[in-house]
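Engineer: These protein sequences, in sequence, are chains A and B. Okay, so the first sequence: first residue is 26 according to the numbering used here, each after it adds one. Okay, so the second sequence: first residue is 26 according to the numbering used here, each after it adds one.
A portion of the hints provided could be inaccurate.
One copy or two, either will do: identical chains are not told apart, so a pair holds if it fits within one copy or between any two.
As the list claims (entries may be wrong) - In silico lysine-lysine, DSS-like type, Cα no more than 27 angstroms apart, as pairs:
hint: 1; residue 1: K169; residue 2: K372
hint: 2; residue 1: K281; residue 2: K389
hint: 3; residue 1: K262; residue 2: K374
hint: 4; residue 1: K199; residue 2: K262
hint: 5; residue 1: K270; residue 2: K341
hint: 6; residue 1: K429; residue 2: K373
hint: 7; residue 1: K429; residue 2: K372
hint: 8; residue 1: K411; residue 2: K289
hint: 9; residue 1: K192; residue 2: K270
hint: 10; residue 1: K192; residue 2: K429
hint: 11; residue 1: K310; residue 2: K289
hint: 12; residue 1: K285; residue 2: K328
hint: 13; residue 1: K429; residue 2: K341
hint: 14; residue 1: K262; residue 2: K373
hint: 15; residue 1: K374; residue 2: K130
hint: 16; residue 1: K429; residue 2: K262
What the hints contain is simulated information worked out from the structure, not anything from laboratory work. In this text, all values refer to a predicted model and were calculated from it rather than measured experimentally.
So the chains spell out like this:
2 protein chains.
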Amino acid sequence: MTKDTSPVVNIKTMDMLGRPEVVTVDEARGMLLSQFNPVPPPKIEMPIDDCLGRVTAIDVLSPEDLPNFSRSTVDGFAVAASDTFGATEAIPAYLNIAAEVIMGKEPVFELRKGEVARIATGGMLPIGSDAVVMLEHTQAINEKIIEVLRPVAPGDNVIQAGEDAKKGDLILSKGHRIRPQDIGALAGLGITSIPVYEKPRVVIISTGDEVVPASSPIKTGEVRDINSYNLAGLITKRGGVPIRKGILPDRYDVIKAVLKQSLKEADIVTITGGSSVGARDLTAKIINDLGSPGVLFHGVSVKPGKPMIGGIVDGKAVFGLPGHPAAVTVCFELFIRPVLELLTGEKKKHYRHGNNTVKARLTKNLASSSGREEHIRVAIEERDGKLWARPILGKSGLITTLVKADGTIVIPLRKLGLDEGEEVEVILFD
Amino acid sequence: MTKDTSPVVNIKTMDMLGRPEVVTVDEARGMLLSQFNPVPPPKIEMPIDDCLGRVTAIDVLSPEDLPNFSRSTVDGFAVAASDTFGATEAIPAYLNIAAEVIMGKEPVFELRKGEVARIATGGMLPIGSDAVVMLEHTQAINEKIIEVLRPVAPGDNVIQAGEDAKKGDLILSKGHRIRPQDIGALAGLGITSIPVYEKPRVVIISTGDEVVPASSPIKTGEVRDINSYNLAGLITKRGGVPIRKGILPDRYDVIKAVLKQSLKEADIVTITGGSSVGARDLTAKIINDLGSPGVLFHGVSVKPGKPMIGGIVDGKAVFGLPGHPAAVTVCFELFIRPVLELLTGEKKKHYRHGNNTVKARLTKNLASSSGREEHIRVAIEERDGKLWARPILGKSGLITTLVKADGTIVIPLRKLGLDEGEEVEVILFD
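Isolated chain A (complex conformation) (with noise of 0.2 angstroms):
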C-alpha cells in the first residue's frame, strides 16, 4: 500500500465507515448491469471436435437433407406395406424375397407387388417399398419365401428422407452453448468447423507491496498471491480467458499504465490485492481517472467483500476486489460473472441459473447483522443420510476455511439470521 500520510480524522469519511455510498448488492449490480453496453465478441472458426462449450456465432442451417435416403430402422424386409394389409399368424401375407439390400448402397433393383428385400438397421429403402417388416413379425418358409404375420402401414420402421433435418432448417440458433450431441448433429450434417464467439479475456492485476509470486520463497512480513490463482480458475470456470499481469507495486502511476494498457487487450480488467483503505483509494482514484464513467461503486453491503469496487471506463469493466481470499470469490460471483457471461455471447436460458444446488440442514444457530447480505461458507456433511450444512466461521482472510468449503449459504440483508435445523439452500462449488 502507498504511505498513508492522510490525517487520521480525514479517513474518517470514507466509504468504508458507513457513508449511504455503500450500496445493496442488487443496487451495485443494477448500476453495473445497466451501464455497461457489450459488444459483440469476435466470431473464430473452429473445428467441431474442439467446440464442446463454446458457444455458436451464428444460426448454423442444415445444408442438406438428413438422411439423404429413406433408411430402415430395424433388421427385416423392406416392403410395399399394401402386400401385408390383413396378414396375421392365422392368415399370413407370403411374399417373396427377390433381393437383399447391401448397407451403405443405392439398391440397384426395384420390388414388384409381392416382392420383399432383406434389409438391416440403416439400410437404404429399395425402389417399390415404403415400409420394413420387423425380422421377428415373420417367418421363414424357404430360403426365397416368407410368411409375414403382421400388417405394416406406408412408413412403418422408417426414417424418412429429410426426417432428421430438411436443408435450411435451423440446427443451432446463435448464442447456443454446444453440446456433445450438437457437435454429433454437425458432423452428421458434413459440417466440421463453425463460426463460435471467442472467449472473454479478463485481465488479473495483482498489488501490494507484501505480495510476492507463488513460486517465490518468502521473508518474513511477506505473503503468496493466493488471489490471482483463485480468480484465474473462477474466470476459466465461467468461460473467461485469464490473462495474469503480474504483482505491481502500490504506485499510482505504474498501476495507472498497466490498467491503460490492459483495457486495450481485454474486455475486464480486475485489481486484486489491495485491502487497506489506501490501496483501495488509489485504485478507485486510477479508476476514475483513466475515463468515464469511472467507479460506479465503491463499497458494498456485503459480507465479505465490502470494500468491493466496480466501474467502468470507456465502455470496459473494471473490477477492484478486496484482499480477502473469501471475498474474492463472493465478488467474483456477484459481479464479475454476470458481466463475463454477457460477453460470452451465451444466451442463456432463464431456467439455468447456473449453480448446483443442495438442500440441507443447518447444524448451528447463524446470527448476521442486519444491512448486509452475508455468505457464509458451510461444509456438507451426511448424517443418516441426510445432508447438514456445517459453517465454517474462520475469518475471511484465511483461504483454507474456503477450502474447507463445499458451498456458500447466503443469508439476505433484512434478515438477522438462521436456526439450527434450518433448511437451507447450499450454493456448491463445483
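We have chain A already, so just place chain B on it with the hints.
Structural biologist: Coordinates of chain B only, in the frame set by chain A:
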C-alpha cells in the same frame, strides 16, 4: 454389417427378441460395477495453473505455516491489548504513535508499554503488540498521539501466524477434484505443481459399412458418423480423453485387431455403429473371443438403448453401443459414465449426483410400456414464469431430437406412464 446369411428362424432366438438374458438397467450396471476392478490411474506432475478440474493423486500437506507471521486484518494501530482495557468514548486510552509498519517488511522496532504503530491491512504485527485497533475506533489528537475509544482483546483483528494452515496440515486430500480456491491455497503455500491423476482414455471405434467420416461427401445410401462425435463430447465432459479410431468395416478380423490394440492403450473401449442384429452379434462375439469374462450383458430393458452390450476383457471395460444417437447418450450416462468416473480417481461426495436438474410440469400424457425404463427427451418451456417439459417424441434414430431437447425425464421400469400436468424432474443436458 456383415452379410446376414443365418436362417430367419435362428435369429428369432436372440437377446433382442425377448429372451430372459435381457436385464434391467440396475442389474446390468450392478454386474458391470461388481466385476470391474479399477486400477489406480497413473500420476502426472502438473503446474497448478493447469490443475483446474483435475484430481489430486496424493494428500497435499502444508509445507509451512501460513501466514508465516501475525498479520493485521484491518487498517489501524498495532497495540498491546492491555493498553486499551477499559477504554471508552468518554474515557479513551491515550497512546503514542511510535512507528509505522511498512508493508511486506518485518518491523525493525519493538513497541513499549503505551506505544502503538500505524499498520495497514496485511501488515506484520511488531514485537510488543498482540492486537490491532481499527482506525475508526480511534481519534487523532495530533501527529503523535491517538485516543483509543474501544478496548481490544489479544488477537483482535489479527490473523495469527499459522492460523490459515500449519506446517503438515492436510490441505487437499487424495482424490479431490481441484477448484479455483484450491489452486489459490496451493499458490499461497508456494506449491506450484502437484501430482494429479491422468485422465482416463476412452477409445471410440465406429463401425458400419454405410458410415462415412463427417468430412466426406456422401453417396445415396451412406450416412456420416454422428455417434463418435457425440460420444467424444460426452467422454470429454465427464473427464475422459476420447481417442477416435476411425470407421471400421463390419468385419470380424478388422474390428478384433483394432479392439485388441485399443485394450492396450485405453482404459475403456467403446464400439458404436452397429444397429443390426448381425453387427451387434459380431461385436459381442469379438468381446467374448478377446478375453474373460467377456460380455456381461447384451440387451437391457431400457428405451432407447435396448441393444446395449457391456463387458469386461482382462480388466478393461468394453461397450457395444446401439447405433441410434439418442440411445448412445442414454447408454453413455447409464453405463459408461459410472465406469469412467471410477477411473478418474475422484472420491466423489455422495450428495453430488453430478446432474443439474429442474422440476417442470409435463405438457402432455406419456404412455410407457411396463417392463422397461424409458428416457424421454424434453424441451423446457416457460409459461407465465412456470416451467413445462414438452416431450420430443421423434424416433431415437434422429439426432435432431437430442439437439432440440434441453434434458431428459425418466419413466421407471414399472410405471405405465405420466400424466399431463404431473411434476417431473428434468435431468438437464449441460
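Engineer: None of the hints should be skipped; say for each whether it holds.
Structural biologist: Hints and how they fare:
{"no.": "1", "hint": "K169 with K372", "in the structure": "neither (58 angstroms within a copy, 59 angstroms between copies)"}
{"no.": "2", "hint": "K281 with K389", "in the structure": "neither (46 angstroms within a copy, 60 angstroms between copies)"}
{"no.": "3", "hint": "K262 with K374", "in the structure": "both (18 angstroms within a copy, 20 angstroms between copies)"}
{"no.": "4", "hint": "K199 with K262", "in the structure": "both (22 angstroms within a copy, 22 angstroms between copies)"}
{"no.": "5", "hint": "K270 with K341", "in the structure": "within (17 angstroms within a copy, 45 angstroms between copies)"}
{"no.": "6", "hint": "K429 with K373", "in the structure": "between (31 angstroms within a copy, 15 angstroms between copies)"}
{"no.": "7", "hint": "K429 with K372", "in the structure": "between (34 angstroms within a copy, 15 angstroms between copies)"}
{"no.": "8", "hint": "K411 with K289", "in the structure": "neither (51 angstroms within a copy, 43 angstroms between copies)"}
{"no.": "9", "hint": "K192 with K270", "in the structure": "neither (48 angstroms within a copy, 30 angstroms between copies)"}
{"no.": "10", "hint": "K192 with K429", "in the structure": "between (53 angstroms within a copy, 16 angstroms between copies)"}
{"no.": "11", "hint": "K310 with K289", "in the structure": "within (19 angstroms within a copy, 61 angstroms between copies)"}
{"no.": "12", "hint": "K285 with K328", "in the structure": "neither (30 angstroms within a copy, 58 angstroms between copies)"}
{"no.": "13", "hint": "K429 with K341", "in the structure": "neither (35 angstroms within a copy, 35 angstroms between copies)"}
{"no.": "14", "hint": "K262 with K373", "in the structure": "both (16 angstroms within a copy, 19 angstroms between copies)"}
{"no.": "15", "hint": "K374 with K130", "in the structure": "neither (43 angstroms within a copy, 51 angstroms between copies)"}
{"no.": "16", "hint": "K429 with K262", "in the structure": "both (19 angstroms within a copy, 25 angstroms between copies)"}
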